[in-house]
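Please assemble the complex out of the two chains, which come individually in their own frames, going by the hints.
Which chain is which? The protein sequence lines are A and B, in order. Numbering of the first sequence is given in the numbering used here, commencing with residue 1 and proceeding in unit increments. Numbering of the second sequence is given in the numbering used here, commencing with residue 1 and proceeding in unit increments.
Check each hint, because a few of them may be wrong.
With a cut-off of at most 25 Å between alpha-carbon atoms, the simulated DSS-like pairs for lysine-lysine come out as follows [as the list claims (entries may be wrong)]: (1) A:K54 to A:K107; (2) B:K119 to A:K241; (3) A:K54 to B:K119; (4) B:K119 to A:K107.
Output of the computed footprint for chain A on chain B, the stretches with three or more beta carbons under 8 Å from beta carbons of chain A [unchecked claim]: (5) 83 to 89; (6) 133 to 140.
Rather than coming from a laboratory, the hints here were simulated on the basis of the structure. Ideal Cβ placement from N, Cα and C applies to all residues, glycine included.
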Amino acid sequence: MKRFAFFPGCLIPARHPAMEFAIRSTLPKLGIEIVDLEGASCCPDPIYFKSKDKISWLAVAARNLCLAEDIGVDIFTNCSGCTATLSETYHLLQDLELRAQVNERLKRIGKEYRGTARVRHIATLVRDEVGYEVIRQSVVRPLEDLKVAIHYGCHLLKPSRIMQVDDPNNPTVLEHLVSALGANPVRHRNWYLCCGKACQTEEVPLNMMHDLLGAVCSEHADILCLICPTCYGQFDHGQMKVSRQFDEEFETPPIYYFQLLAFAQGVPYDKLGFERQRFKPECLRRFEMATAETAAPSSGDVHTE
Amino acid sequence: MVQGRNNSQETVRVDFRFRRELAQKLEGNLASFCYQCGACVGDCPATTYSGTFNPREIMLKVLYGLGEELLTEDSILWQCTNCYNCHERCPQEVKPVEVIISLKNMLADRGIIPPSAQKIIETFETTGRTTPISSAVHKQRERFGLPPLQPVPMDEIRALIEPASKGGDTA
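Chain B on its own, in the form it takes in the complex (with noise of 0.2 Å):
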């Protein structure tokens, strides 16, 4: 069940301002086809595991705009581990995966990802790799006689990654 409601009286409000901000996020929108049949939580292997983790409860906090309750510090959103279930149970393509990873494009709009995350990211926006190289990489693929790894041109990741400009491309 949603909760977070003061009181049982209470009206729920869609937040239309959410939901137009989730819409503009690739595939964020697909959680408008949702009618909440549940397909996506038996083969849930975080619902299985965790005792908190929900999709089809993540999609209708979605569908009534209670971003509120999804985009906080500690959001439940990162226990998803991405195995791609609920997409392939889906009846009705919601991809309920894909509007999770645009709900924490979101929480990183708003400067909350998870320092494990932010670590990855933040090696891979330097180096054009999620895995540091270190001399020890070099030495052990010359050990099995690997060519040595060539550093990735930065400056094309760069220009990729910035984000449009304001009247520029809507990229």
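Bound-form chain A, shown alone (with noise of 0.2 Å):
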């Protein structure tokens, strides 16, 4: 097993707990050990707090990384904004003059950051240490004929320099890390937009959801994958608000792609939380249909540290 730090940030472990168990399910599956990180805090948010006073923001950063460098191991993360915040702190503090500022800071709190811990986003992980075919060897229940829509958000691929993941301009790891499930990938029109999330006026996410959720539906995809809570909570409540304001019928399930995995791994689609969505997969329930004479449903027991 290989063993990685992770980094849950706030928005999954409180509001979103589902697509926490599902990573804990499906990561030991695919031979990945979960360290938890003891006294993380908020990565912090590369919006809110960042928007007050950078360097605070980059010192606590630095903080998350240095629990990671203590016990010697790289970090995943689970949402894009943490992606952005620590990947980022990586990458400035390669400054070595920042680098003695910060620590200046974390010396108040006996801490020195070196340097020496990764910071990956857990489908890059998934990519680059497990790998596409490992991926689909673990799914029981291949989701085929599954039509999925793909959102890919901003800060996993961008800034392309720093994050260091995949071509921006053509990014391919959710279409590979959906098809290993068996499952059809679909690039809509509007597939590079942004979902608009942390933007603090109503105008322009309001119409910026409505291009993106025209664009998706006009695909007849049967779920949206993605891999942020923030852009799933645009997806989510968010396709509701549209729906209403713009007397439209937008309703195509959102999924974090970690729970898509979960249930392709085995796991029933009653022990995966979507009863909290507000557009549930309810076309996944087929698959389980299918398979439910072929092969016993795995546990979906939780691994913790």
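Put into structure tokens, the structure is as follows:
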């Protein structure tokens, strides 16, 4: 088993525990041991606290990276916001002058940032450390003929000089991850759009989401797969809001990739928390019926340190 | 076009005090490398959907030192979606989004933060998290068999976000 420190952030553990459950049940099946980070705080978020004071933001982020350095493992994140903050911190602190400045602050709590722990989004982690083929082999319930629209969001890919995940103009990682489950990924015409959550006005995110949902729905996809809890909120609660405001029917259920993976690996639908979603991916139930007789579903037990 | 001057005859005076203050912020000084090509505009979702937000214009106002036009109560800066497309596209590596965040730092120094953002910042500064933890959260986690969430060591977080003391470190 390869060991990696899990940086769960704020949104997933508190608001979307089903996503965390899915991560903890899928990774061990792919040969990854999850190491919990003791004393981790908010990354801190790259929108709000960073807008107040960048140097304090950097110091707190560096402290989080120190926690992984102290136990000698690399970090993986499950939220694009955390990925943005921690990757940018890792990148910025390669500048030794800035590192010294941040270490002055860390000295106040007896810590020192050394730059030894790498940061990766969980989608990148499974691509690079597990590989698509092993993911494919872990699937007991292939999602054949499931049409899956994809939303990359912003901070998995950009800025590419810092994230170094994929080609921001033509990314493929999520298409491959979805294909590994036996499903058919589809790229809608507004695939590159932001979800708009960080924008502190009504007009921009509302009109943007309207265009985005129009593109997603015109593909008649069964579900929309994404890898960020903030994007998820925009596509679940937000989709309802946009539908109401424009008096149009948008109803593509969003799913966090690792919940879809957990389902494909045999975790029962009813254990994955989908009942809490406003748009429920009921279309998945047909796979459960199809495999009920051929494979014994796994228990979906959670593995923690 | 940059607006806000009283009449076309009036010369634009660069406010160097504003420029110096921005340069103190992390990556704030990158705006100096902007040559106004507009590569940041085409891919900017806020430009597409707001009609008033334009990253090239914001960089131009920074170059002119027209801070007064950017640092207002209803600042246009908060229309930025933080998508990082401008950072991706800029041939000069100006990172317009980072300059905009530095400008927001200047707004915060003046006590101007939108209430929606302020609420999240306060949650972080008091709990170390941006999402509040309630008993309902604990119950939900239990239901999924997840380990309980531990409190964040706030003494450490508070020590880190304390501004540098006079004559002390420069951080």
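For each hint, the structure was consulted:
no.: 1; hint: A:K54 to A:K107; verdict: holds (18 Å)
no.: 2; hint: B:K119 to A:K241; verdict: holds (22 Å)
no.: 3; hint: A:K54 to B:K119; verdict: holds (18 Å)
no.: 4; hint: B:K119 to A:K107; verdict: violated (29 Å)
no.: 5; hint: 83 to 89; verdict: holds (count 5)
no.: 6; hint: 133 to 140; verdict: holds (count 3)
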